[in-house]
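Please construct the entire structure, taking both the sequences and the accompanying hints into account.
Those protein sequences? They're chains W and S, same order as listed.
When you line the first sequence up against the working numbering, it's residues 1 to 112, in that order.
When you line the second sequence up against the working numbering, it's residues 1001 to 1115, in that order.
In short, the hints are calculated from the structure, not lab data.
Since we're looking at a predicted model, the values are computed, not measured.
Beta carbons: idealized from backbone N, C-alpha and C, even for Gly.
Treat the hints loosely; a few may be bogus.
Distance windows between CB atoms, simulated [as the list claims (entries may be wrong)]:
| no. | chain 1 | residue 1 | chain 2 | residue 2 | range |
| --- | --- | --- | --- | --- | --- |
| 1 | W | Gly41 | S | Gly1014 | 19 to 27 Å |
| 2 | S | Ser1072 | W | Asn18 | 37 to 45 Å |
| 3 | S | Glu1044 | W | Asn27 | 13 to 21 Å |
| 4 | W | Arg51 | S | His1026 | 21 to 29 Å |
| 5 | S | Glu1058 | W | Thr109 | 28 to 36 Å |
| 6 | W | Asn95 | S | Glu1003 | 25 to 33 Å |
| 7 | W | Asn95 | S | Gln1082 | 37 to 45 Å |
| 8 | W | Val70 | S | Thr1016 | 50 to 58 Å |
| 9 | S | Lys1041 | W | Asn95 | 31 to 39 Å |
If you want the building blocks of each chain, they are given just below.
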Amino acid sequence: GESVGLHLPTLSVQEGDNSIINCAYSNSASDYFIWYKQESGKGPQFIIDIRSNMDKRQGQRVTVLLNKTVKHLSLQIAATQPGDSAVYFCAAPSNTGNQFYFGTGTSLTVIP
Amino acid sequence: DTEVTQTPKHLVMGMTNKKSLKCEQHMGHRAMYWYKQKAKKPPELMFVYSYEKLSINESVPSRFSPECPNSSLLNLHLHALQPEDSALYLCASSHTSGAISYEQYFGPGTRLTVT
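Here's what the structure looks like:
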């Protein structure tokens, strides 16, 4: 099955700085990736997705970069705010495409 | 309406109890999911329903019994649970469980404690 892992379990950043959260995956055939944000006491919330025919996608204050050569993707958050404090998961589909595997999660703490 | 609702928010049950978790969505999604999430861990898939039919059962013990009465509702019936089943149970839905649209909308979860 797919293996998805995040590089760092925790990350602390100063308010206003940029944050980078990294994720590696094992299945070179994976064609779609999602980043989720999970705040304390809530379910995961979709942030941004990217398909394998792209290497970059931008949203509001967030950018996802995909490097298929090394099977790595990253989530960049610009001007990090206290409300960005949460656990961030990357997710990739299974070989059959009918379920997602979640990475282990990175807990982001924003220091005021 | 882009919301998935779950009830109850919290549930404490004994090992001999029978209880049910409920999930509802009105986005017209035809795929619905149950996940189990332990503290500081990612969600783990338990069941997938596609067009009201069970399509994936990730080797979940029979003390967990899912039910999809219609396209908007998903239940998880619990019986004779163990303390290690204590976790956050998340429901999610998506347009389909196939290749067209993967984005899953999650509910807030039910925090289950088995005593």
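Hints the structure fails to honour:
Checked against the structure, the hints that fail are numbers 7, 9, while the rest are satisfied.
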